[in-house]
Amino acid sequence: MAILTTPKSAVQLAGQGRPLREHVFRIALLSSLVIALGFLALLLVYVVQDGWPRLDSALWENQPSIRRPETAGIQSGIFGTLWIIALTALMALPTGILAAVYLEEYADKTKWYNRLIELNISNLAAVPSIVYGILGLGLIARWMQFGFTVMTGAMTISLLVLPIVIISAREAIKAVPPSIREGSLALGATQWQTIWRQVLPAAVPGMATGSILALSRAIGEAAPFLMLGAATLVRFNPEGVWSSFTVLPIQIYSFISQSREEFHVLAAAAIVILLAILLLMNSVAIWLRNRYQKRW
Amino acid sequence: MSEIGISMPNVTVRGPEAPRNLESLDPVFQVEDLSVFYGDYEAVRNVDMTIGNREITAMIGPSGCGKSTVLRCFNRMNDLIPGARAAGKITYHGEDLYGDHVDPIEVRRRIGMVFQKPNPFPKSIYDNIAYGPRVNGMKGKMDDLVEQALTQAALWDEVKDKLKQNALSLSGGQQQRLCIARAIAVKPEVILMDEPCSALDPIATTKIEDLMQELSRDYTIVIVTHNMQQAARVSDRTAFFTAEVDEAGVRHGRLVEFDETSRIFTNPADKRTEDYITGRFG
Chain S
1 MAILTTPKSA
11 VQLAGQGRPL
21 REHVFRIALL
31 SSLVIALGFL
41 ALLLVYVVQD
51 GWPRLDSALW
61 ENQPSIRRPE
71 TAGIQSGIFG
81 TLWIIALTAL
91 MALPTGILAA
101 VYLEEYADKT
111 KWYNRLIELN
121 ISNLAAVPSI
131 VYGILGLGLI
141 ARWMQFGFTV
151 MTGAMTISLL
161 VLPIVIISAR
171 EAIKAVPPSI
181 REGSLALGAT
191 QWQTIWRQVL
201 PAAVPGMATG
211 SILALSRAIG
221 EAAPFLMLGA
231 ATLVRFNPEG
241 VWSSFTVLPI
251 QIYSFISQSR
261 EEFHVLAAAA
271 IVILLAILLL
281 MNSVAIWLRN
291 RYQKRW
Chain L
297 MSEIGISMPN
307 VTVRGPEAPR
317 NLESLDPVFQ
327 VEDLSVFYGD
337 YEAVRNVDMT
347 IGNREITAMI
357 GPSGCGKSTV
367 LRCFNRMNDL
377 IPGARAAGKI
387 TYHGEDLYGD
397 HVDPIEVRRR
407 IGMVFQKPNP
417 FPKSIYDNIA
427 YGPRVNGMKG
437 KMDDLVEQAL
447 TQAALWDEVK
457 DKLKQNALSL
467 SGGQQQRLCI
477 ARAIAVKPEV
487 ILMDEPCSAL
497 DPIATTKIED
507 LMQELSRDYT
517 IVIVTHNMQQ
527 AARVSDRTAF
537 FTAEVDEAGV
547 RHGRLVEFDE
557 TSRIFTNPAD
567 KRTEDYITGR
577 FG
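Chains as they are written, first to last, in the working numbering: chain S, 1 to 296; chain L, 297 to 578.
In case anyone wonders, no lab produced these hints; they're calculated from the structure.
A quick note: this is a predicted structure, and the numbers were derived from the prediction, not measured.
From the three backbone atoms N, C-alpha and C, an ideal C-beta is built for every residue, glycine too.
There may be inaccurate statements among the hints.
[Said to hold, decoys possible] In silico BS3-like links for lysine-lysine, alpha-carbon gap of 27 Å or less:
(1) L:Lys435 - L:Lys503
(2) L:Lys483 - L:Lys437
(3) S:Lys174 - L:Lys413
(4) S:Lys174 - S:Lys111
(5) L:Lys435 - S:Lys174
(6) L:Lys419 - L:Lys503
[What the hints assert, rightly or not] Cβ pair distances, simulated, as ranges:
(7) S:Leu90 - L:Glu328: 53 to 59 Å
(8) S:Lys109 - L:Asp566: 40 to 46 Å
(9) S:Arg289 - L:Glu328: 49 to 55 Å
(10) L:Ser494 - S:Lys109: 52 to 58 Å
(11) S:Lys109 - L:Tyr337: 17 to 23 Å
(12) L:Asn563 - S:Glu118: 54 to 60 Å
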């Protein structure tokens with residue numbers, strides 16, 4: 001056999017050249033990336049171009065109007081979105097984090113009911129948002145008689161993001177090495193002290209990143225609000241949790257369904273604002289992740 | 297440290313400058329017929345041994361012989377593993393460690409532990425030491441306590457100027473001494489060490505071994521080690537464990553021999569011990 005013969009020169013380091021397959025694979029990977037990013041860039045350019053004439057201060061200083069689209073703004077939508085996100089964060093984050101702590105640190109995974117809970121949380125994360133809208137309408141708006149208020153919207157969105165918050169918080173808690181828990185318990189710390197003083201602080205960056213991404217998903221939601229029966233024209237900012245409101249995606253939806261061209265420009269400008277808020281939140285998430293990345 | 301050479305090659309036993317009256321053993325732990333189960337599996341079977349006050353007891357043996365399992369019974373760390381339970385009896389100063397009224401938290405406060413891989417908390421050096429006293433609600437000047445613990449662990453001079461630095465910036469050997477200091481800070485009576493040097497280089501290992509000698513004046517130390525020379529160098533008594541296959545084909549850890557270290561390494565009573573320490577097995 002050729003392999004066994006002694007080579008004439010000492011060592012043969014020259015390869016046989018990269019096979020074609022390697023190149024094809026690389027090009028396939030690269031083009032997937034280009035397609036994904038390319039369309040995103042295209043979309044951004046298109047929207048900014050469309051909305052450019054209305055990216056002025058009137059956009060966030062004025063309230064929406066059906067009669068004067070050329071000076072109409074989206075202030076009520078911006079404030080409505082901020083109210084919803086703040087209230088959602090207030091309700092969904094503590095609940096989700098505590099649920100994750102229970103599942104990771106206390107739940108006995110050999111018990112069938114704990115496994116059932118885990119399975120259901122994964123399923124809930126995949127439920128379409130309009131279903132949460134139906135739930136919010138039936139349970140919160142009608143049965144609890146909260147009506148179409150900031151509270152109803154935030155509670156519905158909280159239910160929507162809760163499974164995602166729980167899943168990402170669990171991942172963050174799981175990433176804390178067991179040796180940290182052992183070290184703490186071996187010093188005579190209680191389980192609660194160990195969780196509160198070691199596990200949670202070490203998991204905070206991961207939980208924050210996941211939570212922000214979950215909330216930024218909620219910002220873009222229109223379906224549940226449509227289901228709840230959102231008002232399309234709200235000319236005032238929310239004054240409290242029992243105020244009626246609108247959010248940016250609903251606002252955009254209502255502008256686009258108008259026939260006059262000026263409304264479409266307005267809608268594009270509103271989309272730019274929505275994207276800006278999203279990008280800002282995602283950047284904070286990335287910054288947090290890099291800043292507090294733990295190295296064990 | 298002067299060492300007395302004995303018949304076996306590469307093995308020296310603890311020198312005479314640490315004289316101990318090993319005949320009058322003052323027991324801290326008494327283990328009687330201890331078996332440890334993980335679910336239905338009996339990991340260790342019928343262990344009997346006594347841990348003497350302010351002595352260093354080494355547990356040696358091949359992998360899977362249950363020495364770490366037994367060690368983790370002394371501070372009830374095995375409680376944390378679902379399905380783990382201990383049968384038989386361990387007494388601590390005559391009190392049943394697994395008695396109904398015993399709080400494992402209190403047990404762990406009195407019986408500290410150092411792990412195989414250094415596991416400092418991702419906090420400052422200072423906070424690593426102060427954590428134990430804080431969670432235990434200890435009163436007193438924290439600064440003094442931190443200095444005292446670090447001094448006892450022979451780490452103070454190396455870290456006194458960087459107490460606010462993250463503990464993870466220390467070298468592996470320093471991290472392990474920090475973990476020892478952390479254990480000392482809660483003023484335990486016993487320190488359990490689970491292969492404390494297996495992740496360290498020889499120089500760092502020597503430092504830890506010297507430290508153990510120092511600490512054995514004030515503390516009772518139980519160490520699990522894979523390194524026979526280490527057991528011979530540092531310990532007063534040695535327990536040799538091995539794994540045996542029973543009639544059903546299941547492996548169980550067994551205690552083969554427990555005696556003064558000098559006797560285990562020079563004149564073992566059991567053939568299996570002799571085979572192990574001379575390197576014919578394991």
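A quick look at each hint next to the structure:
1. L:Lys435 - L:Lys503: Measuring from Cα to Cα gives roughly 31 Å; hence the hint is violated.
2. L:Lys483 - L:Lys437: The hint holds at about 14 Å.
3. S:Lys174 - L:Lys413: holds, 19 Å
4. S:Lys174 - S:Lys111: holds, 19 Å
5. L:Lys435 - S:Lys174: violated, 34 Å
6. L:Lys419 - L:Lys503: holds, 24 Å
7. S:Leu90 - L:Glu328: 53 to 59 Å: holds, 56 Å
8. S:Lys109 - L:Asp566: 40 to 46 Å: holds, 42 Å
9. S:Arg289 - L:Glu328: 49 to 55 Å: holds, 53 Å
10. L:Ser494 - S:Lys109: 52 to 58 Å: violated, 30 Å
11. S:Lys109 - L:Tyr337: 17 to 23 Å: Given a distance of about 19 Å, which is inside 17 to 23 Å, the answer is holds.
12. L:Asn563 - S:Glu118: 54 to 60 Å: holds, 57 Å
Of the numbered hints given earlier, the model fails hints 1, 5 and 10; all others are met.
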